[in-house]
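Chains R and U supply the protein sequences, listed in that same order.
Quick note on numbering: the first sequence equals residues 1 to 300 in this note's numbering.
Quick note on numbering: the second sequence equals residues 1 to 300 in this note's numbering.
In case anyone wonders, no lab produced these hints; they're calculated from the structure.
Keep in mind that the hints are not guaranteed to be accurate.
Copies of the same chain are indistinguishable here, so a pair counts whether it falls within one copy or spans any two.
[To be verified] Taking lysine-lysine pairs in the BS3-like style, the calculated list, with each CA pair at most 27 angstroms apart, reads:
hint, residue 1, residue 2
1, 257, 163
2, 257, 296
3, 296, 197
4, 257, 77
5, 296, 117
6, 176, 117
7, 176, 77
8, 257, 117
9, 296, 163
10, 77, 197
Protein chains: 2
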Amino acid sequence: MSLLVVGSVAIDNIETPQARRDNLLGGSATHFAYAASFFTSVQLVSVVGGDWPAEHTELLRQRGIDVSGIQVIPDGKSFRWTGRYERNMNDRETLDIELDVFGRFEPSISDSFRRAKYVFLGNAAPVTQLRALEQVAGSRLAVADTMELWIQTTHDDLLELFKRIDGLVLNDSEAKMLADTDNLVLAGHRIRSMGPKFVVIKKGEHGAMFFGEHETYVLPAFPTERVVDPTGAGDSFAGGLMGYLAEQDNFDPETLKSAMAYGILVASFNVEGFGLERMCEITRDDITERLDAYRKMLSF
Amino acid sequence: MSLLVVGSVAIDNIETPQARRDNLLGGSATHFAYAASFFTSVQLVSVVGGDWPAEHTELLRQRGIDVSGIQVIPDGKSFRWTGRYERNMNDRETLDIELDVFGRFEPSISDSFRRAKYVFLGNAAPVTQLRALEQVAGSRLAVADTMELWIQTTHDDLLELFKRIDGLVLNDSEAKMLADTDNLVLAGHRIRSMGPKFVVIKKGEHGAMFFGEHETYVLPAFPTERVVDPTGAGDSFAGGLMGYLAEQDNFDPETLKSAMAYGILVASFNVEGFGLERMCEITRDDITERLDAYRKMLSF
Chain R
1 MSLLVVGSVA IDNIETPQAR RDNLLGGSAT HFAYAASFFT SVQLVSVVGG
51 DWPAEHTELL RQRGIDVSGI QVIPDGKSFR WTGRYERNMN DRETLDIELD
101 VFGRFEPSIS DSFRRAKYVF LGNAAPVTQL RALEQVAGSR LAVADTMELW
151 IQTTHDDLLE LFKRIDGLVL NDSEAKMLAD TDNLVLAGHR IRSMGPKFVV
201 IKKGEHGAMF FGEHETYVLP AFPTERVVDP TGAGDSFAGG LMGYLAEQDN
251 FDPETLKSAM AYGILVASFN VEGFGLERMC EITRDDITER LDAYRKMLSF
Chain U
1 MSLLVVGSVA IDNIETPQAR RDNLLGGSAT HFAYAASFFT SVQLVSVVGG
51 DWPAEHTELL RQRGIDVSGI QVIPDGKSFR WTGRYERNMN DRETLDIELD
101 VFGRFEPSIS DSFRRAKYVF LGNAAPVTQL RALEQVAGSR LAVADTMELW
151 IQTTHDDLLE LFKRIDGLVL NDSEAKMLAD TDNLVLAGHR IRSMGPKFVV
201 IKKGEHGAMF FGEHETYVLP AFPTERVVDP TGAGDSFAGG LMGYLAEQDN
251 FDPETLKSAM AYGILVASFN VEGFGLERMC EITRDDITER LDAYRKMLSF
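Isolated chain R (complex conformation) (with noise of 0.2 angstroms):
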């Protein structure tokens, strides 16, 4: 089953304690994008501007990702972000952010995109990802991500986009303000409450919870020694999930613990080159590998 993301495609330059790299292909939407192909075939709808090197979009499109919904507006500029980690590789500062043609996207889904079954919504205005909702109806499975920034700003919104959608992939600090609670358990109970039928808390090096009608439960995350660049991994782990879930076309109670599973430790290969730079080194082999060693490490 084919998989539709609507989300941000952007610039980055990132700074960590070891290096410094500019220029590189980012954004929720990318990394996500690019995550999920390992599974099934991917739509991706974003803007860009037209300072956008074209050989970002060719790494998509070579790629297997149908690129043909990033909108380009010529005179307008891509999103740029610049960040520098912490020593602890957790915390980050932006530096810089320009928003440009992303501050004023507005999707605009084709009509064959518009048939897709899964379909995710990376971090935007709740408005906007509720924009592109109205426009893919049909959907069988419908996630959004979201941010603190949303959660501060434009609360109603994000509750009416929580009644409309299936599930919600937020963070540990962003579920616990939503929540107004420290205790993550809790939180992910309160977040189901407000009307997603599932919720799953990202918590970066410590692996992720998942809420559900009959179930909770934690995996956590696979130990690499080799961080590098963790921009992007809550959406590769998105990515992941969803791109295990389109290609069964199911999303059984079984399957979503898999599809986390597969989430993780897609996950855990980005986080080990700057932007998509380890990514684009394996193969789904290699993620099967890894799965292997990850359900031996979860067996005892």
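Starting from the known structure of chain R, fit chain U onto it as the hints suggest.
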């Protein structure tokens, strides 16, 4: 196989955002011993003052713990700790600490206790731990805990200790400090290279990591929304782990992994009540039931 623990028993006053309790039976060896007693017979070596409430010793004795190694110094005062937890129930502030008799603790291990094959050296000055270790030279498995204070103030003694123990259990912030890195995977490997045959890093609500000769893995905590009092969680984790190893009289890699799981589950009960309250309510069957749920949670 019987298990010997050398460490603190204390009187705790604990304040959480929800409640406050005074004069609780606490101390690292207490939480360790109680947790281990679900699995094996436990011998406890510690020291208290003349003010020590007889009912605290009685609770441990009725649990089958051999308390003959608790030395009473009639004109001394028992170790008292008063602490307050933050809203996140993870960070805590020590409001008052009176080491008293425990500050002058010179463990003297009786002949019968010296035959213990499984030994746990609870948090104390490394020289105190070394002195205890010398008295149980014939043990089969010796594991120690430590804390930031000793990493900062008695680093050389700690390195001496590391050469003589089989396993080290410490928490994440201690591991980062000791290994001078924020990457816990790297930290575990580095600390293992300092001497211990295996290293366990406790991550609180995020579970625990294991670093052995042939394998590195992480197991998540059991998700509970009922976090009443985290005091002693790490000690009960170690107690569950060591108790299971002593019961099995084995510490091959598979047994160690099951022991890690038991430690995690016993700790998940420990935090569900103040002090030992919740632990006093449960049976081995409750632990087994949670183990089944935990195994199911980690299967996909």
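Within, between, both or neither: residue 77, residue 197 at alpha-carbon 27 angstroms: Classified as neither; 37 angstroms inside a copy, 56 angstroms across copies.
Residue 176 and residue 77: within-copy, between-copy, both or neither at 27 angstroms Cα: Classified as neither: same-chain Cα gap 34 angstroms, cross-chain 42 angstroms, threshold 27 angstroms.
Up to 27 angstroms CA-CA - residue 197 versus residue 296, copy category: between (30 angstroms within a copy, 21 angstroms between copies)
Copy assignment of residue 257 with residue 77, given that the CA separation must stay at most 27 angstroms: neither (40 angstroms within a copy, 53 angstroms between copies)
Please work out whether the CA atoms of residue 296 and residue 163 approach to 27 angstroms or closer within one copy, between two copies, in both situations, or in neither? Neither, since 38 angstroms and 30 angstroms both go past 27 angstroms.
At most 27 angstroms between CA atoms: does that hold for residue 257 and residue 296 within a copy, between copies, both, or neither? Cα proximity of residue 257 and residue 296: in one copy and across copies (16 angstroms, 11 angstroms).
Homo-oligomer pair classification [residue 117, residue 296; C-alpha up to 27 angstroms]: Neither: 33 angstroms inside a copy, 30 angstroms across copies.
How would you classify residue 257 and residue 117 at a CA-CA limit of 27 angstroms: within, between, both, or neither? Cα proximity of residue 257 and residue 117: one copy only (20 angstroms, versus 41 angstroms across).
Can you tell me if residue 257 and residue 163 fall within 27 angstroms by alpha carbon in one copy, between copies, both or neither? Within. Shortest intra-copy distance 23 angstroms satisfies the 27 angstroms Cα cut-off; inter-copy 42 angstroms does not.
Since the copies are identical, ignore which copy is meant and state whether residue 176 and residue 117 lie within 27 angstroms (CA to CA) inside a copy, between copies, both or neither. neither (31 angstroms within a copy, 45 angstroms between copies)
Hints 4, 5, 6, 7, 9 and 10 from the list above are not met by this structure, while the remaining hints are.
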